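> Chains Y and P, in that order, are what the protein sequence lines are. Heads up, the first sequence is in this note's numbering, so the first residue is 1 and it goes up one at a time. Heads up, the second sequence is in this note's numbering, so the first residue is 1 and it goes up one at a time.
Derived by calculation from the structure, the hints in this document are not laboratory data. Check before you lean on any hint, since a few could be wrong.
[Stated by the list, open to error] If you want the ones that stay clear, here's a sample from chain P, every Cβ over 12 Å from chain Y, calculated:
1) C219
2) D359
3) D500
4) T501
[Stated by the list, open to error] Heads up, simulated DSS-like pairs for lysine-lysine below, C-alpha to C-alpha not over 30 Å straight-line:
5) P:K405 to P:K369
6) P:K369 to Y:K27
7) Y:K31 to P:K506
8) P:K405 to Y:K27
9) Y:K31 to P:K405
[Unchecked claim] To give an idea of the chain P side of the interface with chain Y (calculated C-beta under 10 Å), a few residues:
10) V330
11) P362
12) R365
All of these numbers come straight from a predicted model, not from anything done at the bench. Each residue gets a CB set at the ideal place from its N, CA and C atoms; glycine is no exception.
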Amino acid sequence: MWVIIMSQKSRLLEFNTDIVDVLSIEKDLEKIRACIQCGACSAACPSGNYTALRTRNVIRKALFGVQSVLEDPDIWLCSTCFNCYEHCPRTIPVTEIILSLRRMAVSQGHLPDPLKGVIHNLMNKGHAVPIDPKWSQLRAKLGLDPMPPTVEKYPEALVEIYDIFSAIKFNSRIPHR
Amino acid sequence: MSNDQPTDQPTDQPQDQSNDQTKDLATGKPKIGVYLCHCGKNISDVVDIPALMQSTKDNPAVTVVKEYKFMCSKAGQELIAEDIRNNNVDRVVVAACSPLMHEETYRRVLKDEGVNEFYFEQANIREHVSWVNLRDKKGALKVAHDHVSMAIAKVSNNAPLERQKAKVTQKALVVGAGISGMFAALDLADKYPVTLVERSPTIGGHMAQLDKTFPTMDCSACIITPKMVEVGRHPNIELLTYSEIEDVDLNIGNYEVKIRKKARRIDHSICTGCGACAEACPVTIPNAWDMNMGFRAAAYVPFPQAVPEQYTIDKTNCIECQLCVDACEVHAIDLAQEDEIIERTFGSVILTTGNDIYDPTPYARYGYKKYKNVLSGIEMERLISSTGPTLGKVINPHNHEKPKKFAFLQCVGSRDFHEGAHKYCSRVCCMYAIKQARQLKEKYPEADISIIFIDIRAFGKGYEEFYEITSREYGIRFIRGRIGDVFQDYDGTLIIRGADTLLANKFELRVDMLILSTALEARADSSDLGRMFGVQKTEDDFFMEAHPKLFPVDSLTDGIFMAGTCQAPRDIPDSVAQAKAAASSAHNFMNSGEVEIEPYYSEVLPGNCSGCRSCILICPYDAISFDEPSQKASINTVKCKGCGACAAVCPSNAIMQNHFSRDQILAELASLFPWQTQPNYPTQEGK
Chain Y
1 MWVIIMSQKS RLLEFNTDIV DVLSIEKDLE KIRACIQCGA CSAACPSGNY TALRTRNVIR
61 KALFGVQSVL EDPDIWLCST CFNCYEHCPR TIPVTEIILS LRRMAVSQGH LPDPLKGVIH
121 NLMNKGHAVP IDPKWSQLRA KLGLDPMPPT VEKYPEALVE IYDIFSAIKF NSRIPHR
Chain P
1 MSNDQPTDQP TDQPQDQSND QTKDLATGKP KIGVYLCHCG KNISDVVDIP ALMQSTKDNP
61 AVTVVKEYKF MCSKAGQELI AEDIRNNNVD RVVVAACSPL MHEETYRRVL KDEGVNEFYF
121 EQANIREHVS WVNLRDKKGA LKVAHDHVSM AIAKVSNNAP LERQKAKVTQ KALVVGAGIS
181 GMFAALDLAD KYPVTLVERS PTIGGHMAQL DKTFPTMDCS ACIITPKMVE VGRHPNIELL
241 TYSEIEDVDL NIGNYEVKIR KKARRIDHSI CTGCGACAEA CPVTIPNAWD MNMGFRAAAY
301 VPFPQAVPEQ YTIDKTNCIE CQLCVDACEV HAIDLAQEDE IIERTFGSVI LTTGNDIYDP
361 TPYARYGYKK YKNVLSGIEM ERLISSTGPT LGKVINPHNH EKPKKFAFLQ CVGSRDFHEG
421 AHKYCSRVCC MYAIKQARQL KEKYPEADIS IIFIDIRAFG KGYEEFYEIT SREYGIRFIR
481 GRIGDVFQDY DGTLIIRGAD TLLANKFELR VDMLILSTAL EARADSSDLG RMFGVQKTED
541 DFFMEAHPKL FPVDSLTDGI FMAGTCQAPR DIPDSVAQAK AAASSAHNFM NSGEVEIEPY
601 YSEVLPGNCS GCRSCILICP YDAISFDEPS QKASINTVKC KGCGACAAVC PSNAIMQNHF
661 SRDQILAELA SLFPWQTQPN YPTQEGK
């Protein structure tokens with residue numbers, strides 16, 4: 001039994017500076033290295049009152065290169081209210097760091113499912129939130145064209161949107177269609 | 001590098017034989033010896049010493065170039081002494097560390113060998129070159145060469161100077177009568193007459209406001225009041241309370257100080273301290289000594305054990321109703337009393353002006369001043385104190401009931417890099433919060449107490465043990481974390497939302513009182529005093545010591561010392577230790593009765609002076625006066641610190657600063673930019 005356990009890959013954390021090296025490219029985000037783990041960011045986080053987001057944990061994992069920070073949904077629970085930034089005694093731009101982590105997560109293919117739907121809509125209908133049938137019916141009832149003059153009505157405009165997406169390299173960043 | 005194994009023996013270099021014939025001091029050109037120090041590996045690891053030696057040897061002005069591992073060592077000094085003795089060298093350049101470290105050492109070598117000590121220059125190739133250019137060795141060599149050639153140019157133009165001596169008045173002034181000021185005054189008073197100036201009506205300072213002191217839990221009043229009485233009684237201490245420094249004339253060794261003795265409206269030679277005036281006084285105002293929680297009359301003593309134990313009538317709050325005049329049996333009250341200006345001359349000054357306490361109102365999230373039951377640490381101290389507004393009974397200021405649950409929040413205003421807060425650790429907050437928590441537990445064993453901290457810094461003697469006993473025996477909850485928001489419920493309880501970083505979870509705590517452990521900060525008006533005494537301030541607004549490790553109680557002005565929390569936040573043991581150190585430094589300074597003054601002062605060349613008075617306006621030390629009969633400026637050489645501002649501002653080149661004359665500085669610059677001064681100089685690359 002022990003032999004099996006011992007022969008398995010150890011589950012201890014291994015630290016690296018991969019994430020913090022990328023963050024440090026920006027001068028302001030480099031302040032993450034000065035974090036004293038006081039917990040003011042977690043304490044001030046309104047999202048944390050209702051969700052599992054522990055801002056301090058996110059920062060520490062990012063600082064020590066723990067890969068799970070990019071894979072877990074925590075960073076997507078942030079409402080970007082900037083409370084943590086305001087409370088941080090070391091003036092670390094916590095919210096900016098979380099946004100940076102999101103960008104890194106997406107480029108590595110870690111995107112939460114609800115956001116995949118949003119991108120699917122954007123790609124296929126040209127809108128993150130396409131028109132609801134309820135509103136179409138209401139428009140018809142009022143004597144309007146059931147489809148407002150949007151990309152959804154003119155699918156040929158989708159090509160233009162694709163052009164914009166490829167110009168800003170959105171396609172290559174989002175591996176999920 | 002070839003210097004990995006520097007030779008322990010001094011390496012003699014062949015001297016320039018052509019110079020041997022011009023040894024005569026009077027007629028020959030100066031014989032300059034350049035000594036390069038390896039400073040162990042501090043310099044030689046970065047600066048290529050053999051290359052620097054070669055480039056220095058190429059300088060035609062130089063006679064001797066030598067290198068050694070430690071020039072400051074006995075053997076290194078002997079190297080210089082030997083060359084002087086053999087008449088090879090009469091001016092010396094040492095390229096080594098900062099002149100602050102060893103200039104005095106080498107000057108002494110020159111002095112001992114009978115050469116004027118100002119025929120010496122130190123090129124700083126450690127702090128200014130090797131330590132700051134660790135990764136650029138090629139650049140470092142270039143900069144080192146510049147430093148050395150500038151020093152050579154300077155030393156060839158140096159003139160012999162003599163240090164002057166000034167008499168020192170054997171009297172001391174101590175500014176501020178808190179615990180540090182009292183100890184400094186008591187230590188000095190056995191030898192010298194001491195004047196102790198305090199601006200509040202009583203001595204004792206912040207320590208007198210405290211109830212108990214950590215880590216021994218001894219009563220603060222019990223240990224400070226005997227010392228206060230001793231200060232009040234000491235025949236050699238002139239105690240000037242309710243007085244402030246008005247003006248200082250910075251004459252080294254003879255500081256002429258004007259002290260404003262504010263009108264107390266009560267004649268202290270008669271007042272018996274009976275308190276009849278305070279009873280008669282109809283005015284009721286918040287007592288600042290009780291952090292505005294208690295009340296006092298306009299005629300008052302701040303607290304019962306005050307020294308001097310005599311009353312003061314507060315001018316701004318007095319309504320001049322004359323009731324106290326009738327009440328006073330000894331007729332001590334004189335409402336027409338005026339401020340008095342006292343002038344004294346002192347040999348040395350000790351600044352012990354103490355600290356202010358941070359006002360946590362800017363942290364709106366903690367609800368200070370918004371909710372009555374959010375207090376600062378010092379307010380809690382007064383509330384616990386048996387001499388406080390409630391006589392030691394802790395009550396909830398919101399509903400005046402007995403509180404049961406308490407929370408302490410640490411690091412309010414300290415360790416915060418935001419504008420308006422302080423970056424430093426205030427050193428005492430951890431311990432005073434633990435002490436107050438323990439006192440509350442002793443008074444109310446059923447109390448539920450949480451201390452919310454970032455780090456507990458129990459650094460002093462017995463502090464960690466105190467922390468251990470408090471958490472083990474008193475059952476105080478230590479939460480490592482921070483508070484996000486504080487709300488008040490309808491019944492007045494505070495709802496605290498925070499994060500426990502060790503559980504990695506958020507918590508909600510309901511408490512009756514929240515105590516914010518506020519930072520210590522520099523006195524708001526310390527800039528004025530600092531300017532008067534010529535004491536610089538550090539980034540955090542506290543007074544700056546001459547050297548953080550080697551001269552911890554000295555200022556950059558001779559004869560002015562500092563102690564206690566005017567210099568940095570510190571606890572009582574450290575303040576007392578510093579006060580005693582400052583007293584002994586002041587004694588050392590005054591003891592000989594004389595002080596040597598560096599001859600760097602400026603002089604006016606009367607032939608050139610046009611009497612425009614620009615220098616008088618610019619002098620920061622008030623050292624220049626205008627001589628009316630001759631219509632020329634004249635400089636008081638004792639007051640002059642040699643900053644050179646006057647020499648720079650003078651439109652007619654009439655001011656010459658010793659050791660930094662125009663010729664000397666221009667020669668230095670010429671050696672730095674030879675292609676600008678020598679028409680045939682090849683190129684910058686040819687250097």
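> Compare the structure with each hint and give your call.
Going through the hints against the structure:
1. C219 (chain P), annotated as away from the interface, keeps every beta carbon of chain Y farther than 12 Å; the closest lies near 34 Å.
2. Chain Y leaves D359 (chain P) outside its interface by the beta-carbon criterion, the shortest separation being 17 Å against a cut-off of 12 Å.
3. Not every beta carbon of chain Y lies more than 12 Å from that of D500 (chain P), the smallest distance being close to 7 Å; the non-interface claim is violated.
4. A beta-carbon of chain Y is positioned within 12 Å of the beta-carbon of T501 (chain P); the least distance is around 4 Å.
5. Our distance criterion of 30 Å between C-alpha atoms is met by K405 (chain P) and K369 (chain P), whose separation comes to about 19 Å.
6. Only pairs whose Cα atoms come within 30 Å are accepted, and K369 (chain P) paired with K27 (chain Y) is rejected, the gap being roughly 38 Å.
7. Distance check on the hinted pair: K31 (chain Y) and K506 (chain P) sit about 24 Å apart at the alpha-carbon level, within 30 Å; holds.
8. Restraint check for K405 (chain P) and K27 (chain Y): the C-alpha separation of about 44 Å exceeds 30 Å, so the hint is violated.
9. Restraint check: the Cα-Cα separation between K31 (chain Y) and K405 (chain P) comes to about 37 Å, which exceeds 30 Å; the hinted pair is violated.
10. Interface restraint check for V330 (chain P): the shortest CB-CB distance to chain Y comes to about 56 Å, outside 10 Å, so the restraint is violated.
11. Because the closest C-beta pair between P362 (chain P) and chain Y is about 12 Å apart, greater than 10 Å, the hint is violated.
12. With 10 Å as the threshold, the beta carbon of R365 (chain P) comes within range of chain Y, its nearest partner Cβ sitting at about 7 Å, so the hint holds.
When each numbered hint is compared with the structure, violations occur for hints 3, 4, 6, 8, 9, 10 and 11.
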